[in-house]
Structure formats: structure tokens, C-alpha cells
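> Chain residues, written in single-letter form:
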Amino acid sequence: MIGNNEKTGHWVRSLALAAVGLVIGAAATQAATITVSVWGGGYGAKWKKHAAEPFEKATGHKVIVDGGRSAVRLSKVKATKGKGTDVVFLTVHQMIILRDEGILAPIDPANVPNVSQLYDFAKDPMGGGMCPAITVLGVGLAYNKDHFKSPPTSWNDLFRKDLKGRPGYPVLSQSYSPLVMTRIAELNGGGIDDIGKGMAKLATIKDRVQLFRIFEILKAINQGDASIAPMLNIFVRKDPKVPLSFAWPKDGGVGVVNLACVTKASKNKKVAEQFLNFYLSAEHQARIAKEAGDSPVNKTVPIPKGTVYNMVTPDQISRMHHYDATKVAAKLAGWLKRFQEEIVAK
Amino acid sequence: MTAGRARGSGGRFPASLATPVLLAFAVFIVAPCIMLLVKGLEPTAETGEWPDFTNVLGVFDSKVGQQALNRTIRISLIVTVICLLAGYPVALFIARCGPRWRGLLLAVVIFPFLISAVVRAFGWTVLLGDSGLANKGLIALGLIDRPITLVQNEIGIIVGETHLLMPYMILSLLAVLQRIDPNLKHAAESLGASPVSVFWRIVIPLTLPGLLTGTLLVFSLAMTAFATPFLLGGGRTPILTTLLYDYAFTLFDWRLAASIGIVLLILGILFVTVHRFVSSRGMRSYG
Chain F
1 MIGNNEKTGH WVRSLALAAV GLVIGAAATQ AATITVSVWG GGYGAKWKKH
51 AAEPFEKATG HKVIVDGGRS AVRLSKVKAT KGKGTDVVFL TVHQMIILRD
101 EGILAPIDPA NVPNVSQLYD FAKDPMGGGM CPAITVLGVG LAYNKDHFKS
151 PPTSWNDLFR KDLKGRPGYP VLSQSYSPLV MTRIAELNGG GIDDIGKGMA
201 KLATIKDRVQ LFRIFEILKA INQGDASIAP MLNIFVRKDP KVPLSFAWPK
251 DGGVGVVNLA CVTKASKNKK VAEQFLNFYL SAEHQARIAK EAGDSPVNKT
301 VPIPKGTVYN MVTPDQISRM HHYDATKVAA KLAGWLKRFQ EEIVAK
Chain W
1001 MTAGRARGSG GRFPASLATP VLLAFAVFIV APCIMLLVKG LEPTAETGEW
1051 PDFTNVLGVF DSKVGQQALN RTIRISLIVT VICLLAGYPV ALFIARCGPR
1101 WRGLLLAVVI FPFLISAVVR AFGWTVLLGD SGLANKGLIA LGLIDRPITL
1151 VQNEIGIIVG ETHLLMPYMI LSLLAVLQRI DPNLKHAAES LGASPVSVFW
1201 RIVIPLTLPG LLTGTLLVFS LAMTAFATPF LLGGGRTPIL TTLLYDYAFT
1251 LFDWRLAASI GIVLLILGIL FVTVHRFVSS RGMRSYG
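Going down the list, the protein sequences come from chains F and W. All residue numbers for the first sequence refer to the numbering used here, where the first residue is 1 and numbers rise by one. All residue numbers for the second sequence refer to the numbering used here, where the first residue is 1001 and numbers rise by one.
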């Protein structure tokens, strides 16, 4: 009887050890799933193909793409306090809102070593070791090439009296509008602490400027109704068949960065940071630059040749004007009120 | 006994059928409205108490807020009047057509519903632009000698919203016009009434319910329209809905955005109250 008990005990112990081994083995090979909140539409489709899928193939982890408009995604992450989202992609002025709500987690530099290969302005745009930029954009001048003998070279071209069509200016609720306003203020004796000089300059063309919200100005330029407007480089492609063209001001464009941050609520922080590191690698930065026109922030990555996108080149980066996003965010409510009262209201 | 039992079971059955819908209504419509009210009246200062009307009253304090409010009401009224004046003859014509033509014309009337408001608005920006068909036509007719601004202003919003909302007016009027007994008109004519008299004293009063319904629909939809004024009004002609969007999705100040929502809610309630008063007086007069 004792012998039978010993045998049974031996079998039970063996089965238990085997079961534990199976569980450990399964856990070790189990892929993690991260949810990434990123822009949708046509860009989102390209992003899925050239960012999410290569990462999945290389690591075995799964990426769920939560695509959509920035404002909607920001509202969602804000409302859920980041639950259900591991990595969020937003422009810096929107990411600051999440930072200030305590939704973001600083990255562990040991897990994202590719940050060391970035331009200085891209390593930690919000400060506090939060998150890196993943692409740089620039505001330049969209213009109708049939209205100009030679491409415009300055922000002051917006205020020329001899324009064939209207000048355009983005409403201050557009992401890059406050930054352009700051640049115009600087050119007129003011700056980030004296935006009034920029508002006053814009007010001089108040009666004829087309205040646009999104892309309607690009159509107006193509139709010949508008001549020139500040515009992000990524929204104007090189196309000799249409009048719409793009030029950088001689003294440099205005820089805007898009960031990718990990949320505090992420249950897969290590994999999320692994994804960030992958995103900043030279190989991926070169791929996404070629396929989606995202100008690289990795210094080692050259601009792709023959691209239809107006890229931010290293030369442009050296002349670009960057403004403290935290300072701009703190002043935005007051600036928006002034813009509404001084420029919009009749 | 059988009839009483039948009556009792008939009362419980419709109520139980309506419960899921009422629950959904309560959760998805009533609850968010209450949350909106609570958010919009949140105190602005840390020491403040609920309800705090600072933000709601603030809409009326700023120049842009006042202009947005006036513009919202003005545009809604203009669009309603245009839809009424232009829609009535169209509805009258369709009502008098034979069945074959009526079906075709109805399809033309409801055709705008098949296209998204955004696509329509973009179409209007092309037609109404400085180099668009509208300006080219006016110049060709000699009415103007250089393009006038027809978009990115109130004119663009009015044209876009009229296009969007005209079918509501036409369909509301058509529903009552088709129910008018033609013998009433024959009787009036046989007693010596002129066609104009028949129209004003027989047709108009009988179409009052449809007219009032159409007015209610068009005005309330015009007041709360977003996509059309967003794209056709541009940045120079904010109305309450586009201002709400700016506060919600630029500053992410949901309290300020909710305050504008409350103003819209008050405007809506005021309009419905006035509408009901006018409706009951009008229906009694023509009784």
C-alpha cells in the first residue's frame, strides 16, 4: 500500500512539474499586444503597412492600430486616462495636454537607445525625459506659382499689396498657427512674450486675408483665388501639373515635431518602448520617410531621393525656428481670445 | 370580463415593448444632456460652487461670442424664410403633378440626402469661389465686373444650409398638400373665389401644420448645423457650433464648450416654446 502511494505521489509530482514547465514555456514564447493611437485615413493605412507590420514581423508582438483624427484620439486618451492605449502619437502641442494630465510615463533611456541618434531638438521636446519626437515637420509657404515670378522667400510676402489673389492664414486653433504668429511677431519687434506685434501685423490684412481651418486654402490656391498661405510641408506635394507649390522662407521655416509617448496605464511598457526604439531606428526612419513623407529625426538617415514630398532637409533643420511648446501651450488660451477679438470679430 | 382582461393585457404589452427604447433614450440622450449641463455650470474658481454661470454668461461678454450668437440666429432665420418661400411653390407644383412626374421630382428633391454634407460643402466652395461658376456667370451676365466673395462668409453658409435643408421644408409641405380635398377648392371657385383667394383662404390655412413642422425642422437644424458652416464660413464667420468646436478641440476646455452647448439648448427651448405658441394660436384661428 505504501508502495502504491509512493508511485501515485511520484506521478502527481511529475505531472505537476510538467504542467509548470508548460506554463513557463508558454509565457516565455507568448507575444505581447500593444495598442498604438496614431493618425488615420490614408496616412494610417501606410503607417500600418510600413510601421506596424514590420515591427510585428521582426518581434512577433502584435500591434493594434487605433487610428483617427488627433483631436478625437486626444479626447479619448484624456477621457480614459490612457487605459487601453500603450503608445500615443500626437503633435507636441497636443501631447503637452496629456503630459499635464499625468497620463504619460517617462521612457527608460536604456530601452530606447536610438534616442542618442536623434537631433538635439527631437530627443526630449517636452522635457522631463518624457518622449522623443518621431518626425519633424516645417511650416513654409504654400503659393500659386502662376502668381509669382519667382518663389516667395519671406513671411513678409503674406502682407504684399500686389498679390493677385488673397493671402491666407490658419485660424489660431490650427496646430501650427500660434507658432507662425510667434515668428511674425519676432519679425516685427515682438516674440513669444509679445504676441501683440504679430496680431497687429496680421490685422493689417484682416479685410482680405482668408482665415482657413484645414485644407480649403490649398484648393483656393490651386483655383487662383488665393496666392499664398503658411502651410505644413507634408500637405503640399511636388506636382508640376498644378499651380500649388511650396517654398521655405530664406531665413528658415517654423519647426513642429510629432511625438510618440508611452502611457502610464500601459500594461506592456517594455514592449511599448521596444516599439519606440524600433520607430527611431535608421532603417525604419528611412522607410517611413520614403513611403509616407515623414521627415526623419534620426541624424544618420538621408532624405530619400526623388520623393514627391517636400521634406525637411538637414539644411532646413539647421535654419528652422523652434519654439518652447510648453510656453506656447500656457499662453494659447489668451492668444486664442485675442485672435478672436482682434482678427476674427468684425 | 373578457373585454376587461383584454384591455389590461393591451396596456402592459406596449409599455414593455417601449421600455428598451426608453432606456436607450435615457442612457444615450438624456444622461449626456445632464452631463453637459453639469459640466457647463462647473465653477471656474476653485472656491466656486455649482452652478456657476460665469462661462455661460461669458459667451455674451466677448465680441466674438456675441457675434457668433447673433450670426447663428440670423442665418437660421434667413435660411428658414428662404426655404419657406422657395420650397412652397416647389411643393405645390409636385402636389399637382401626376404620379409619374411626382415620383421623379421627389427623387430630385431628396437627392441631396444621398450625398454627405461635407462633400456638398466642398462642392459649393468650388462653385462659389472667386473663379467659380457663380462669379463667372454673374460677370458674363454683366451684373458684376469683378468677382465678389460668395464663400468663406455668411453668404456661403446660407447657400449651403439652404441646399441642405430645403428638402425638409418641401417634404413637410408636400405631406399636407397631398391631403387637401380638391372639392374644397372647386366649391370655393364655384362660389366666386379667385385663384389667389382660394390659395390664401383655403390652401394656406390647410397647409399650416406642414408649414409649421417644416419651419421647426429647418430652423432647429440650421441652428445646430456644423459641417456646412465649418467649411463654407471659414475662420471669419464663427457661429456657435464652430466656436464650440474650437473650445473642445483646440483648448480641450470641455467646460467652455459645454457652456456653448447650454446656450444652444436654451435657444432651442426658446424657439420651440415660441413655435408652440404660434402654432396653437394659428391652428385656433383657422380652426
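These aren't lab readings, by the way, just hints derived from the structure by calculation. Any given hint could be a false lead.
[To be verified] Below, simulated DSBU-like cross-link-like pairs (lysine-lysine); rule was C-alpha separation at most 35 Å, straight line: (1) F/Lys197 to W/Lys1063; (2) F/Lys331 to W/Lys1039; (3) W/Lys1039 to F/Lys264; (4) W/Lys1063 to F/Lys267; (5) W/Lys1039 to F/Lys161; (6) F/Lys264 to F/Lys238; (7) W/Lys1063 to F/Lys206.
> Now tell me if each hint is right for this structure.
Here is what the structure says about each hint:
The straight-line distance between the Cα atoms of lysine 197 of chain F and lysine 1063 of chain W is roughly 21 Å, inside the 35 Å bound, and the hint therefore holds. Proposed proximity of lysine 331 of chain F and lysine 1039 of chain W is supported: the alpha carbons are some 23 Å apart, at most 35 Å. Our distance criterion of 35 Å between C-alpha atoms is met by lysine 1039 of chain W and lysine 264 of chain F, whose separation comes to about 26 Å. As the CA atoms of lysine 1063 of chain W and lysine 267 of chain F are separated by approximately 48 Å, the hinted pair breaks the 35 Å bound.
Taking the CA atoms of lysine 1039 of chain W and lysine 161 of chain F, the gap is about 47 Å. The hint is violated against a cut of 35 Å. At roughly 40 Å between alpha-carbon atoms, lysine 264 of chain F and lysine 238 of chain F are farther apart than 35 Å, so this suggested pair is violated. Proximity of lysine 1063 of chain W to lysine 206 of chain F is assessed by CA-CA distance (about 16 Å); at most 35 Å being required, the pair is judged to hold.
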